[in-house]
Amino acid sequence: MLTLVTIPCLSDNYAFLLHDDATGATALIDAPEEAPVSTELSARGWGLSEIWLTHHHWDHVEGVGALVEATGAKVLGARADAHRLPDLDRSYGDGDQFQFAGHDVHVMDVSGHTVGHIAFYVPDAGCVFTGDSLMALGCGRLFEGSPEQMWDSLSRLAALPPDTLVCSGHEYTAANAAFAATIEPENEALKQRTEAIAALRKKNQPTVPSRLSDELETNPFLRAHLSEVKAALHMDAAPNAEVFAEIRRRKDSF
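End of the sequence shown = 256 in my numbering, gap-free, step of one.
Check the hints yourself; a few may be wrong.
What the hints assert, rightly or not - Capping the alpha-carbon separation at 20 Å, the derived lysine to any residue pairs in SDA-like fashion look like this:
hint, residue 1, residue 2
1, LYS76, VAL117
2, LYS76, SER93
3, LYS205, PRO10
Please keep in mind that the hints were generated in silico from the structure rather than gathered at the bench.
Please model the complete structure; the sequences and the hints are all you need to start from.
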């Protein structure tokens, strides 16, 4: 059995622990800072076996050095991004697969936010670690990649099983919900989700991870191909990636 733990870090980041109960192996996905991760590991009596990195931005890697020094964990990341990541023990590219405590881990290139950004899909855990690619009700800004790249990345993530948990890197969900309502103000699923998000945040509880099925119903960045979204933007005949680009443009200035 695999246990998933969400760890708030910095002001609005998340890291995740994936623990195999049978072997005691533990993986950390992204390392925004050391202290909250070490505190969680200590509280649970877990060691740290591996650190998986989605991309090179400082708020996802800052804690790597201290954690490696303290635990001896091996660091895994994207081959294409290795020159910008902390020193890697193993590197992977799109379509690669590796084993974690006997469980398959599938590596997906999800470039767009950055070039070389990867996601880790773990079928046995029913979750995908997406960093700043697909986020709860949003997606990352296109700092390096093109709209076409990001739309392709999001489309591939959208094709995973609907009950997959999307483990993304930030607590941006309430703001994302407010923007989503400007695209689809009559979306009933979005209205209900926005209320649920407000209730969670009022209790200072995370809105991450989210269910992919919910993202498919409410996340405007996954819905750029739908006729109703195109109509709302007066882009009925536009290619999907062009509609996505317009939604991203609007979010950037929201």
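Please list, smallest to largest, the hint numbers that this structure does not respect. 1
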